[in-house]
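Those protein sequences? They're chains L and W, same order as listed.
In terms of the numbering used here, the first sequence opens at residue 1 and continues consecutively.
In terms of the numbering used here, the second sequence opens at residue 280 and continues consecutively.
Just so you know, these hints were derived from the structure itself, not from any lab.
Hints are all accurate, no fakes.
Partner residues are not named here, just some residues of chain W that face chain L (Cβ under 7 Å, in silico):
hint, residue
1, V344
2, T364
3, I365
4, V383
Glycine residues also receive a C-beta, built at the ideal position from the N, C-alpha and C atoms.
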Amino acid sequence: MLLTAVKPTAKASATTPLPSIRLDAYEGPIDLLLHLVRQGKMDIFDLPIVELCRQYLAYLREMEELDLNIAGEFFVMAATLLEIKSRMLLPAPPKLNSDEDSDSEIDPRQELVERLLEYGKYQAIAESLREAERQRQMVFFRAPTEYTGQFRVPPKFGQMSASELLRALEQMLSSVGAGEKAITSVRRQKITLRMKMREVQSRSERVGVEGILLADLLPEPPFALLEVVLLFLALLELLKGGVVMVAQEEFCGEIRVFFVPEADREALIGESVEEGLGD
Amino acid sequence: MECLLFVAGEPLTVKELVKATEADEAAVIVAVHCLQDRYRESALHIVEIAGGYQMATRPEYAPAVGKLLAPNANKLSKPAIETVTIIAYRQPCTQAEIEAIRGVSVDGVLKTLTERELIQEAGRKQTPGRPILYATTDLFLHYFGLANLEELPRLDEDEIEEQERIVQEMAETALVAAGVA
Numbered sequence: 001m002l003l004t005a006v007k008p009t010a011k012a013s014a015t016t017p018l019p020s021i022r023l024d025a026y027e028g029p030i031d032l033l034l035h036l037v038r039q040g041k042m043d044i045f046d047l048p049i050v051e052l053c054r055q056y057l058a059y060l061r062e063m064e065e066l067d068l069n070i071a072g073e074f075f076v077m078a079a080t081l082l083e084i085k086s087r088m089l090l091p092a093p094p095k096l097n098s099d100e101d102s103d104s105e106i107d108p109r110q111e112l113v114e115r116l117l118e119y120g121k122y123q124a125i126a127e128s129l130r131e132a133e134r135q136r137q138m139v140f141f142r143a144p145t146e147y148t149g150q151f152r153v154p155p156k157f158g159q160m161s162a163s164e165l166l167r168a169l170e171q172m173l174s175s176v177g178a179g180e181k182a183i184t185s186v187r188r189q190k191i192t193l194r195m196k197m198r199e200v201q202s203r204s205e206r207v208g209v210e211g212i213l214l215a216d217l218l219p220e221p222p223f224a225l226l227e228v229v230l231l232f233l234a235l236l237e238l239l240k241g242g243v244v245m246v247a248q249e250e251f252c253g254e255i256r257v258f259f260v261p262e263a264d265r266e267a268l269i270g271e272s273v274e275e276g277l278g279d
Numbered sequence: 280m281e282c283l284l285f286v287a288g289e290p291l292t293v294k295e296l297v298k299a300t301e302a303d304e305a306a307v308i309v310a311v312h313c314l315q316d317r318y319r320e321s322a323l324h325i326v327e328i329a330g331g332y333q334m335a336t337r338p339e340y341a342p343a344v345g346k347l348l349a350p351n352a353n354k355l356s357k358p359a360i361e362t363v364t365i366i367a368y369r370q371p372c373t374q375a376e377i378e379a380i381r382g383v384s385v386d387g388v389l390k391t392l393t394e395r396e397l398i399q400e401a402g403r404k405q406t407p408g409r410p411i412l413y414a415t416t417d418l419f420l421h422y423f424g425l426a427n428l429e430e431l432p433r434l435d436e437d438e439i440e441e442q443e444r445i446v447q448e449m450a451e452t453a454l455v456a457a458g459v460a
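Start from the sequences, fold in the hints, and give me the full structure.
Right, here's the structure in full:
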């Protein structure tokens, strides 16, 4: 949020005057809280939640008075603070049995403290990256020139223009299409995606760790164009299932297809599932 | 070697240098170090950046170069630099993970960072909704003058230990306090 505003001088506050705050400095409720904690020199490991809550709400009220749009996140944080405050004021619920001891003794502020600490950590690193940015901008590089004549700068990965891709496709199709069977009669196709997948899998498995060239997987003429299409679909399916891997040594280079043994495959899938559950 | 670095105009990896010089990896690295030594007296130097080597001007000449070039205020904003920091340390990570840390929406920031090619999509997380995962790019390393991700600043190990100790103490005090109550 980018708010630029000045605190009104005539503030009808009967109690303590609010600290003057630059509104555009805060990136979000956590940022604001961290600022309040630091400004008030509060002990982050023993947060004076009542005081923090008071200051935070005062700040929100001020924003309201200035008729600013307050982002929803600020209200969520206000609610969280109030909840922590009330939980700390209320006596702990009577213990039902001794097993619950550890649960009931968790400090209600703990989660908030952890969030503040983590955010503070990233803020500190961001500061040092800011310095790295400044340092780096003191250094200048040459941009590559467009060379003409015998050589040119090769295209970067992901920067291939549509026309260049089209040319590559045309080239491939023209060499592949040369062997296409002339259609003399229409018959039921004898080849299915499943068959093609099996073929790719067994052929890449046979060559082992070396991997097989994509070009070698292309059907030999005479063939139906459908076979090329199916080969491509089969590769995509196998890749999705983690059965094969493809690798390219260099940009515009040869593409190799590698078979992934079942054990590794499960490990890979297991990893991603674990990652998912970890959240 | 000097010639290759001059022509490339971008960081050259050891692999690329090996390919062009047809020398082996060890020889290439030795040659780069020799070249760096030779440049000691020069206004240029060879820096290790974004996974490769590149020819660059020395920082002490920045004021002079600055006078030649037009000014361009294009620094990253505070939200942008904080967001890219979180991504750099936790990559690949989702938008929700970043927002949990920063406590605000990072929608627009992610878009800006993607446009500046400092971050890129790195697949999808295998959780409900299959959220997009973000990771930093080589340009990110180049932007901050880092040779690789290991060069990212670290939190002081002692500081982390100190924090852990305090958290531990806090928990113990809480236990004692609860016992008294």
